[in-house]
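**Q** So the chains spell out like this:
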Amino acid sequence: MIKFSGKTVLNLNINGENLDVVVKPSDTLLYTLRNELGLTGAKPGCENGDCGSCTVLIDDWPIKSCLMLTVEAKDKKITTIEGLKNAPIQKAFVENFAFQCGYCTSGFLMVCNSLALHKPKANNHTIQEWLQSNICRCTGYEEIQSAIKSIINNEI
Amino acid sequence: MIPFDFEYYKPQTITDTIKLYHDLDLMGRKPIYYGGGTEFISMARMHNVYSEAVIDIKGIPELNIHEMKDNELIIGAAVTLTQIAELNLFPLLSLTVKRIADHTIQDKLTIGGNIAGTIIYRESVLPLMVADSDIVIAKKDAVDRLPLKDVFNKRMNLEKGDLICQIIIKKEYLNLPSIHVKRTKVEKIDYPLITMVALEKDKKIRTAFSGLGGYPFRSSKFEQLLNSNKSNKDTKIKDAINSLQSFITDDLHGSSEYKKFMLHNMLYEALENFEEGNK
Ligand SMILES: Cc1cc2nc3c(=O)[nH]c(=O)nc-3n(C[C@H](O)[C@H](O)[C@H](O)COP(=O)(O)OP(=O)(O)OC[C@H]3O[C@@H](n4cnc5c(N)ncnc54)[C@H](O)[C@@H]3O)c2cc1C
Ligand code: FES
Ligand code: FES
Chain F
1 MIKFSGKTVL NLNINGENLD VVVKPSDTLL YTLRNELGLT GAKPGCENGD
51 CGSCTVLIDD WPIKSCLMLT VEAKDKKITT IEGLKNAPIQ KAFVENFAFQ
101 CGYCTSGFLM VCNSLALHKP KANNHTIQEW LQSNICRCTG YEEIQSAIKS
151 IINNEI
Chain X
157 MIPFDFEYYK PQTITDTIKL YHDLDLMGRK PIYYGGGTEF ISMARMHNVY
207 SEAVIDIKGI PELNIHEMKD NELIIGAAVT LTQIAELNLF PLLSLTVKRI
257 ADHTIQDKLT IGGNIAGTII YRESVLPLMV ADSDIVIAKK DAVDRLPLKD
307 VFNKRMNLEK GDLICQIIIK KEYLNLPSIH VKRTKVEKID YPLITMVALE
357 KDKKIRTAFS GLGGYPFRSS KFEQLLNSNK SNKDTKIKDA INSLQSFITD
407 DLHGSSEYKK FMLHNMLYEA LENFEEGNK
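Residue numbers (the working numbering), protein chains in the order written: chain F, 1 to 156; chain X, 157 to 435.
Possibly wrong hints are sitting among the right ones.
Output of the computed footprint for chain X on chain F, the stretches with three or more beta carbons under 8 Å from beta carbons of chain X [to be verified]: (1) 44-53; (2) 91-100.
Simulated pairs of lysine to aspartate or glutamate, DMTMM-like, Cα-Cα distance not exceeding 20 Å [claimed, not checked]: (3) X:LYS214 x F:ASP59; (4) F:LYS121 x X:GLU242; (5) X:LYS344 x F:GLU142; (6) X:LYS214 x F:ASP75; (7) X:LYS214 x F:ASP60; (8) X:LYS166 x F:ASP75; (9) F:LYS24 x X:GLU163; (10) F:LYS74 x X:ASP161; (11) F:LYS7 x X:GLU163; (12) F:LYS3 x X:ASP179; (13) X:LYS254 x X:GLU242.
Pairwise CB distance ranges (calculated) [what the hints assert, rightly or not]: (14) F:LYS77 x X:THR169: 23 to 29 Å; (15) F:PRO44 x X:GLU343: 19 to 25 Å; (16) X:LYS175 x F:LEU19: 53 to 59 Å; (17) F:THR40 x X:GLN380: 58 to 64 Å; (18) F:VAL22 x X:ASP172: 42 to 48 Å; (19) F:CYS101 x X:LEU314: 41 to 47 Å; (20) F:GLY16 x X:LYS359: 36 to 42 Å; (21) F:LYS77 x X:LYS389: 51 to 57 Å; (22) X:ASN313 x F:LYS74: 49 to 55 Å.
Because the hints were derived from the structure by calculation, they are not lab data. Note that CB positions come from ideal geometry on N, CA and C, so glycine has one too.
Take the sequences, apply the hints, and build the full model.
**A** What follows is the structure, given as structure tokens:
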């Protein structure tokens, strides 16, 4: 049986690297990424699962890191925005002007990256289903949709 | 951030889990089972729940089963809503879970957590109600398979330490004609104004609802009136809705009058769709 109590050193696989980090069982993954590892790409917004700005990939699926305990990520593959190195969706966001203030962007990029990976032929309905997990306060939804559509073989 | 500390346990068997829960309870640690954790974390952050020992149940193999066996669909309580939607073995359940929270949260939220949780909507219960599902519960001294209707009355009637292990649905229910409709106040992603599931078995329509009142329900009286042999659809629907009169409540999502109006239209369309399908 796995047990964590008090502060523990945990080895996490993040962006292809194995990193040791000190965690408490009550730390959320969002907290650990930002405050212990300096990976500030995942943004705190609502911290309640509503906005998606904290989204990261766990075993390649999008997860809101404010709703995950860091200890749950043991033995999982974690990908943050810092781990996307010139992914096609990043270029597509630039080319389609898919951000304004940029606060929501890392969350949207992680969702779009996972969508392109799992559903390379996604139709409009599926794209909307996935994108509805995130909020853009600057309302750049049209441009974000154009960006994802430009990389997943879909008619714009 | 969660404003209190706790110990985290991840047991690998049902027996260890039940024993651990009761041992920790005796020690006054206020143990809590942890599935997807979406409710636990959001409520803990707001001081609405407290525990000194969180027991993550996702390491138990029986709770991760998701397969057909002996003409039954078995879904472990730790299976996520995304896994249910992707495998799509029970289309009515898939449609329902695809409208719970949002797509990313569905990657984390477990079916057991949605059924056992404290929020009143528990939408994934609805398809299980109309499909006469069974539920496997591990108790202190035994593991029981029970009809959902015997253990779900407004909410799951669990005793302290009871663990929901599996949900079982007979194959004959999986592909019957069915309908899912979720209406929200404004946004597509929201708790329901009304969620309705309907399933046709032996020429009778079964229905279950969330959002109309304070808990998910299925009503035999309602179904009897809806399936009456009166020829006028509007009359049947009015009679059925009248039987729920005192149950339909005003809330933040809509007034009871508005809900009745919406429900009438939803039922009308559903009856038409079933009729169309039977032609
Ligand atoms: C932004 C957001 C939107 C949402 N929208 C909806 C919606 O539209 N409709 C809807 O129905 N739900 C919705 N939910 C989901 C709901 O509010 C709960 O968060 C969710 O159902 C809990 O599931 P979980 O697996 O994360 O449970 P957890 O947080 O792990 O557990 C919830 C409770 O159930 C208990 N529990 C968990 N598993 C078991 C088990 N196997 N046996 C016994 N007890 C158990 C836990 O001890 C805890 O008390 C939403 C949630 C969020 C965060
Ligand atoms: S900060 Fe996690 S969903 Fe808003
Ligand atoms: S670009 Fe500003 S919130 Fe989306």
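**Q** Work down the list of hints and note, for each, if the structure agrees.
**A** Cross-check of the supplied hints:
no., hint, in the structure
1, 44-53, "holds (count 4)"
2, 91-100, "violated (count 0)"
3, X:LYS214 x F:ASP59, "holds, 15 Å"
4, F:LYS121 x X:GLU242, "holds, 15 Å"
5, X:LYS344 x F:GLU142, "holds, 17 Å"
6, X:LYS214 x F:ASP75, "holds, 13 Å"
7, X:LYS214 x F:ASP60, "holds, 18 Å"
8, X:LYS166 x F:ASP75, "holds, 13 Å"
9, F:LYS24 x X:GLU163, "holds, 9 Å"
10, F:LYS74 x X:ASP161, "holds, 19 Å"
11, F:LYS7 x X:GLU163, "holds, 10 Å"
12, F:LYS3 x X:ASP179, "holds, 15 Å"
13, X:LYS254 x X:GLU242, "holds, 10 Å"
14, F:LYS77 x X:THR169: 23 to 29 Å, "holds, 26 Å"
15, F:PRO44 x X:GLU343: 19 to 25 Å, "holds, 22 Å"
16, X:LYS175 x F:LEU19: 53 to 59 Å, "violated, 35 Å"
17, F:THR40 x X:GLN380: 58 to 64 Å, "holds, 59 Å"
18, F:VAL22 x X:ASP172: 42 to 48 Å, "violated, 28 Å"
19, F:CYS101 x X:LEU314: 41 to 47 Å, "holds, 46 Å"
20, F:GLY16 x X:LYS359: 36 to 42 Å, "violated, 58 Å"
21, F:LYS77 x X:LYS389: 51 to 57 Å, "holds, 53 Å"
22, X:ASN313 x F:LYS74: 49 to 55 Å, "violated, 34 Å"
Consistency note: the structure conflicts with the earlier hints numbered 2, 16, 18, 20 and 22.
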